[in-house]
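Residue numbers (our numbering), protein chains in the order written: chain A, 262 to 525; chain B, -16 to 116.
Treat the hints as calculated values from the structure; they're not laboratory data. Because the structure is a prediction, the values reported are computed rather than measured. Cβ coordinates follow ideal geometry from the N, Cα and C atoms, glycine included.
Computed beta-carbon distance windows for the label pairs: (1) A/Asn481 <-> B/Arg(-15): 56 to 64 Å; (2) B/Tyr3 <-> A/Arg292: 39 to 47 Å; (3) A/Thr392 <-> B/Ala(-9): 49 to 57 Å; (4) B/Ala104 <-> A/Asp351: 54 to 62 Å; (5) A/Thr392 <-> B/Ala104: 55 to 63 Å; (6) B/Val46 <-> A/Asn423: 47 to 55 Å; (7) B/Val15 <-> A/Phe503: 18 to 26 Å; (8) A/Asp473 <-> B/Val15: 32 to 40 Å.
Short derived list, chain B residues pointing at chain A, Cβ under 8 Å: (9) Glu22; (10) Ser27; (11) Lys28; (12) Leu32; (13) Gly33; (14) Thr61; (15) Val64; (16) Phe65; (17) Ala68; (18) Val69; (19) Phe73; (20) Tyr76; (21) Asp86; (22) Val107; (23) Leu110; (24) Leu111.
Chain residues, written in single-letter form:
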Amino acid sequence: MTAREVIRSLDAGLEERHVRSLLVHPVGMPRNRLLVLGSAIAAAVAAVVVIIVVAGSGSGPSTTTTTTTSQPGGGGTEARSTFAGVPQHDDTLGKASAPVTLTVFEDPQCPFCRQWNIDTLPTVVENYVRTGRIKIVYRGIVVIGPNSVAGLRAVYAAGQQNKLWNMVEALYERQGDENSGWITLGAIRSAAREVGAAPAKVITSADSKAVDAKLTQAANLARTYGVNGTPTFAIQKPLGAFVQLRVSSLDPGGFTSSLDQALR
Amino acid sequence: MRLRAPIAAACVVGIAIAAYLTYVHYAHTSPVCTTGGCEKVQRSKYAELGGLPVALLGLIAYVTLLGLAFARGMNAATAGVFVAAVGVAFSGYLLWAQLGPIDAICQWCLGNDVTIAVVAALYVVRLLTEESG
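Same shape as in the complex, but just chain A (with noise of 0.2 Å):
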């Protein structure tokens, strides 16, 4: 055997091993590499999971009205002194002679609007309604789900008795996860009583005509002015037309400088 054969031959088990290795181990993919994937993925999906409970945990409307719930009488504390010696009459909040109207479209199921009603309302009433230069004309849809209806039945009929903002702020401070159901008869019950409004009577109103009106009127005007989400504000001058008010925020800081723009 010359040395070019043995070479040759030598070349030829060489690839042959080649061969059977790819067989076996593909290309680039040895054993440790799949290792190295499955241990990604799963400290991946283990991450996930703990940022999922930890963060869930931490933050978010559900878990602040837990919080609020557990001490009876914190969030109707607030929810009374933000509305205290301010006038109200059915869905209006302020002075009737107030020259602007400042129109809130909410569905008490959203997280945004709690934001809002929690944060920055109080604000809105002690800057601009108090001072009688606008008042507030809340109008209830249904953009999160079923349960919203029965909040916002609630709301409407504690209307009836002048207390539908004061309301309002009750169920926020309630507001557990949308959907979950968290709206109960027991929720509108506690949430009239901390606010000052007859239980029963709002229970009774809550399927009357007039709250049927009230929904439909709200329903109609969202329609009317392509309004499908919440919170959604809207701005009326004297003898102007019905504006949809563009805030850069919702907190308070964020919002009154967009009501300002507004309101020159």
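Keeping the supplied structure of chain A fixed, place chain B upon it in accordance with the hints.
Showing chain B alone in chain A's frame:
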């Protein structure tokens, strides 16, 4: 590294979707929507995690994945698989929320689901075929 271009392209699509949804979140505007449920999803409590909009978290993830696409080596490929798998798992959670508690579907979220799945698949192939060293 022949997967660099497709990974980068998919990441750019993901960045565009996440950036748009982040803008919509902070501008308090309504997303362009044909499924009718985008606004409901965008305004649900599932749209935020730890006080941050999930769209912003998605944007950060896609930018990270884009950066890793241009990095060489097994570590970059492994990190890419990890980040993409986090994205897929989180997208799955949000899809569950849309079909369940929120009861509304957002086309942008579905677009993101497909995009992150493609990115994850490409990173898996990259990890299994990346040259060692």
